[in-house]
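Asker: As you go down the protein sequences, you meet chains A and B in turn.
For the first sequence, position 53 matches number 52 in numbering that gives the first Met the number 0, and the numbering has no gaps at all.
For the second sequence, position 183 matches number 182 in numbering that gives the first Met the number 0, and the numbering has no gaps at all.
If you are wondering where the hints come from, they were derived from the structure by calculation, not from laboratory data.
It is possible that some hints are incorrect.
Straight-line C-alpha distance at most 16 Å; calculated EDC-like pairs for lysine to aspartate or glutamate [as the list claims (entries may be wrong)]:
id, chain 1, residue 1, chain 2, residue 2
1, A, K115, B, E73
2, A, K307, A, E262
3, A, K115, A, E137
4, A, K115, B, E70
5, A, K307, A, E89
6, B, K307, B, D48
7, B, K115, A, E70
8, B, K115, A, E73
9, A, K307, A, D48
10, B, K307, B, E89
11, A, K307, A, D86
12, A, K115, A, E135
Partial list, computed: chain A residues near chain B (C-beta under 7 Å) [what the hints assert, rightly or not]:
id, residue
13, G63
14, R229
15, A231
16, T234
17, T428
Sample of chain A residues at the chain B side, in silico, Cβ under 8 Å [as the list claims (entries may be wrong)]:
id, residue
18, P113
19, L114
20, A119
21, T198
22, G199
23, L200
24, E430
The beta carbon of each residue, even a glycine, is placed where N, CA and C say it ideally should be.
Number of protein chains: 2
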Amino acid sequence: MSSARTVCVVACACALLATPAATQAPSRPAWLEPYRETATRLIHAATADHFAWRRLAELTDTYGHRLSGSENLERAIGWAVETMRRDGLEDVRTEPVMVPRWVRGRESAEIVFPLKHPIAMLGLGGSIATPPGGIEAEVVVVGAFEELRSRAAELRGRIVLFNTPFTTYSDTVAYRTGGPRAASQLGAVAALVRAVGPTGLRTPHTGSVQYGQGIPPIPAASIAAEDADRIARLTARGVRVRVRLTMEARAEPDVESANVVGEIRGRERPEEVVLLGGHFDSWDVGTGASDDAVGCIITWEVARLMVKLGLRPRRTVRIVLFANEENGLRGATAYATRHAAHASNHVFALEADSGVFNPASLGFSGSAAARNLVRDIATLLAPLGLSDIVAGGGGADIGPIAQAGNAPMMAYLGNAGRYFAIHHTPADTIERIAPEEVSKAAAAIAVMAYVIAEMPERLPR
Amino acid sequence: MSSARTVCVVACACALLATPAATQAPSRPAWLEPYRETATRLIHAATADHFAWRRLAELTDTYGHRLSGSENLERAIGWAVETMRRDGLEDVRTEPVMVPRWVRGRESAEIVFPLKHPIAMLGLGGSIATPPGGIEAEVVVVGAFEELRSRAAELRGRIVLFNTPFTTYSDTVAYRTGGPRAASQLGAVAALVRAVGPTGLRTPHTGSVQYGQGIPPIPAASIAAEDADRIARLTARGVRVRVRLTMEARAEPDVESANVVGEIRGRERPEEVVLLGGHFDSWDVGTGASDDAVGCIITWEVARLMVKLGLRPRRTVRIVLFANEENGLRGATAYATRHAAHASNHVFALEADSGVFNPASLGFSGSAAARNLVRDIATLLAPLGLSDIVAGGGGADIGPIAQAGNAPMMAYLGNAGRYFAIHHTPADTIERIAPEEVSKAAAAIAVMAYVIAEMPERLPR
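Throw the hints in and build the complete structure from the sequences for me.
Answerer: Set out below in structure tokens:
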């Protein structure tokens with residue numbers, strides 16, 4: 000997921016601590032009795048085997064990363080369409096989206112003084128290139144924007160290192176998105192940003208950089224916490240550390256990609272849509288297993304399980320694998336534009352884009368009336384340990400259409416500590432994810448979606 | 000440390016579980032009373048501040064990795080000599096050693112079929128290069144040597160992947176050292192070895208490969224556990240995975256390096272030597288902080304603390320920072336050769352080459368009489384939680400001289416789980432090591448060395 004989305008995740012984590020009231024729903028609300036047996040069947044079907052994990056493995060092993068504009072993504076989209084059809088989903092289609100095509104190219108960074116040492120780095124998504132021979136300059140280490148401004152006189156011609164210790168994603172990602180333009184405004188020639196994540200194993204974290212209007216863009220890269228610490232210790236000892244940064248990154252013309260859509264058409268109110276999805280694109284490192292192949296697989300599972308169990312709820316359940324969440328949100332925008340006339344028919348939207356790491360939770364944003372009903376439904380998730388609903392649903396991809404339709408929103412929220420340890424890194428692979436975590440997430444979303452799609456009245460706005 | 004050394008570490012870990020008798024020494028042996036106050040002073044001095052950790056940071060930050068034959072190592076040797084002299088150590092000198100010079104060069108590996116994907120890899124130390132365009136071939140995945148042999152007919156012209164899950168270092172390192180030559184004998188054109196370490200964050204582990212006499216050498220590389228798993232899953236699904244391996248690795252002519260030696264000359268029996276040390280070289284990834292800068296720093300600390308406290312024990316305490324443990328053991332051999340006439344004067348030898356991660360322990364190899372005395376001395380380490388002595392002392396660098404002189408040997412053994420997580424990886428940096436772990440190790444070795452150097456009779460053989 001991109002940065003915008005994550006402010007919400009962190010807010011949710013806080014809300015989790017602050018809302019003991021979340022558990023006060025009755026344990027067996029009477030109105031749910033008609034759905035209980037089906038809920039149990041869905042949970043059993045989802046958790047009976049490791050089907051979802053194996054599908055996640057097939058996707059991420061075969062296609063790898065799925066950066067917008069890459070062949071990998073287009074091939075994976077073809078596979079998803081074909082596989083959804085084989086699953087028996089209905090009206091399976093692609094909805095075209097023009098997406099940016101940013102190409103990383105070769106890249107490296109090294110300390111050149113006091114002695115040559117490679118730096119573990121990843122260029123930031125959207126960064127421009129350096130000149131072919133790289134940029135070599137003395138490094139100025141700052142801990143925060145205030146320090147950057149207070150040292151404005153030292154920055155001309157220098158490489159700025161933002162060495163801000165990771166606390167939470169929302170607190171520190173501002174240095175990745177906004178640090179480079181702030182450094183450029185003060186005359187820096189390149190920017191390095193301490194990895195936005197806990198110290199790993201020499202693990203840089205990529206992600207998007209946002210240049211400013213009228214501010215010259217400068218090359219920008221993430222470096223591992225260990226490299227940032229080392230440069231900071233050297234400079235603290237008075238060593239005038241010099242670094243060479245070499246990046247070939249370039250933006251190519253936009254290319255056509257697509258949102259992938261598949262449905263279980265509603266039995267009585269097909270025009271009313273329960274929207275579930277994740278984003279199918281990823282950064283170009285690792286295999287984007289947690290960000291966000293797994294979100295796509297677990298929401299897709301809901302429809303597959305409904306076909307398998309012969310369920311056709313009252314309303315349409317629509318699965319969307321969104322394009323280009325990471326560096327443009329073009330898929331979310333295209334969906335909202337294309338379906339604008341039907342925005343108000345979106346009765347509920349759920350996004351899974353925070354991984355499935357345990358302990359997980361469900362976040363919700365909507366009216367009090369809707370929240371009470373959702374809390375009731377969540378009592379059916381007690382066997383999964385997911386009967387609490389925390390504050391803060393939503394997601395970058397469902398945001399535009401849900402906002403247009405004023406739809407209640409939910410997020411499946413994997414444990415943030417485990418998620419941000421591998422977020423936007425080469426280590427975002429399926430090895431981190433237990434099969435049971437995938438099945439459990441699919442089961443929970445399936446029950447929630449089924450009841451909301453089946454209950455007589457639409458979920459109140 | 001290299002593989003030979005580690006067999007011992009693992010043996011020690013087993014012994015730790017198997018020897019409850021290790022704790023049966025009396026808690027305050029009377030003969031130790033004269034040493035108790037000095038032991039307490041040494042422990043206080045070692046643990047009063049983070050001096051040793053800061054020195055470790057200065058060394059690893061400034062000089063980085065210290066591969067044999069590199070400028071980094073020679074610059075670090077110069078620094079060590081100068082700094083030992085400033086500390087007040089005596090007879091500080093270098094003893095020349097010719098060492099191999101292996102240069103990694105650029106290297107990469109990628110899956111080229113079914114789709115292009117980078118593989119996280121590190122060439123193995125000593126490997127030959129591929130042809131300039133790399134070697135591209137279908138991969139045969141095997142789990143063990145038996146499986147390799149049973150599939151001999153499939154191997155000609157293929158790249159073999161040894162995908163042996165990590166259990167202990169001693170159990171799995173055989174695939175790194177001996178897998179490539181076994182694959183070559185059966186016609187393989189290159190070998191990939193699953194990282195010898197627990198699954199990290201897409202973390203390959205380098206280390207030496209050993210080619211065989213009369214067997215054509217083939218390029219050999221370590222790949223991350225995640226990449227090995229992925230290739231194994233793909234092939235298990237029937238995908239004929241093709242990989243391209245490109246390595247520029249080359250061996251250059253031997254160059255002169257040195258063991259660094261510094262002493263506290265013995266007050267009464269200067270010819271009798273208590274030898275303490277680690278190896279100053281490292282692999283060319285990370286900064287070799289745990290393998291083995293920290294072993295050098297904590298043994299060197301013993302002499303520095305003796306100078307600081309005005310201690311001059313009866314026997315000489317000699318610190319040796321050995322050259323070329325990782326890929327040749329030339330420093331160990333050179334020391335044993337140069338000091339052969341005085342081998343029997345080495346009354347005790349301690350090597351620190353397993354990190355300092357807690358929970359740590361002290362391993363010992365020697366006669367029962369010596370072990371009983373060493374166990375008594377270890378009661379002085381109770382404040383450090385190190386009063387148990389486990390079976391299995393020694394080390395690759397002290398082995399040749401100790402064997403020649405039949406000297407009792409000790410090893411400082413850091414926790415193996417934490418050590419092998421970063422062993423021979425880019426993540427072997429000081430960030431992993433707590434200052435208290437360094438101080439504690441120095442304190443323990445200082446007390447042990449002091450008593451053995453001071454007590455009236457030499458430690459029995």
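Asker: Evaluate each hint against the coordinates.
Answerer: Checked hints:
1. A:K115 to B:E73: 14 Å, holds
2. A:K307 to A:E262: 14 Å, holds
3. A:K115 to A:E137: 14 Å, holds
4. A:K115 to B:E70: Status holds; Cα separation ~10 Å.
5. A:K307 to A:E89: 13 Å, holds
6. B:K307 to B:D48: 14 Å, holds
7. B:K115 to A:E70: Holds. B:K115 to A:E70 sits at ~10 Å (cutoff 16 Å).
8. B:K115 to A:E73: 14 Å, holds
9. A:K307 to A:D48: It holds: about 14 Å lies between the C-alpha atoms, which stays within 16 Å.
10. B:K307 to B:E89: Status holds; Cα separation ~13 Å.
11. A:K307 to A:D86: 8 Å, holds
12. A:K115 to A:E135: Holds. A:K115 to A:E135 sits at ~12 Å (cutoff 16 Å).
13. G63: The hint holds - A:G63 has a Cβ within 7 Å of chain B, the shortest such distance being about 4 Å.
14. R229: Interface hint status for A:R229: holds (5 Å vs cutoff 7 Å).
15. A231: 10 Å, violated
16. T234: This hint is violated: A:T234 lies away from chain B, its Cβ roughly 10 Å from the closest one there, beyond 7 Å.
17. T428: OK, holds: A:T428 within 7 Å of chain B, min 5 Å.
18. P113: It holds, given that the least Cβ distance between A:P113 and chain B is near 6 Å, below 8 Å.
19. L114: 6 Å, holds
20. A119: Holds, about 6 Å.
21. T198: Holds, because the Cβ-Cβ distance from A:T198 to chain B comes to roughly 6 Å (cut-off 8 Å).
22. G199: The hint holds - A:G199 has a Cβ within 8 Å of chain B, the shortest such distance being about 5 Å.
23. L200: Constraint on A:L200 satisfied, holds at 4 Å.
24. E430: 5 Å, holds
In this structure, the hints that do not hold are numbers 15 and 16, in rising order.
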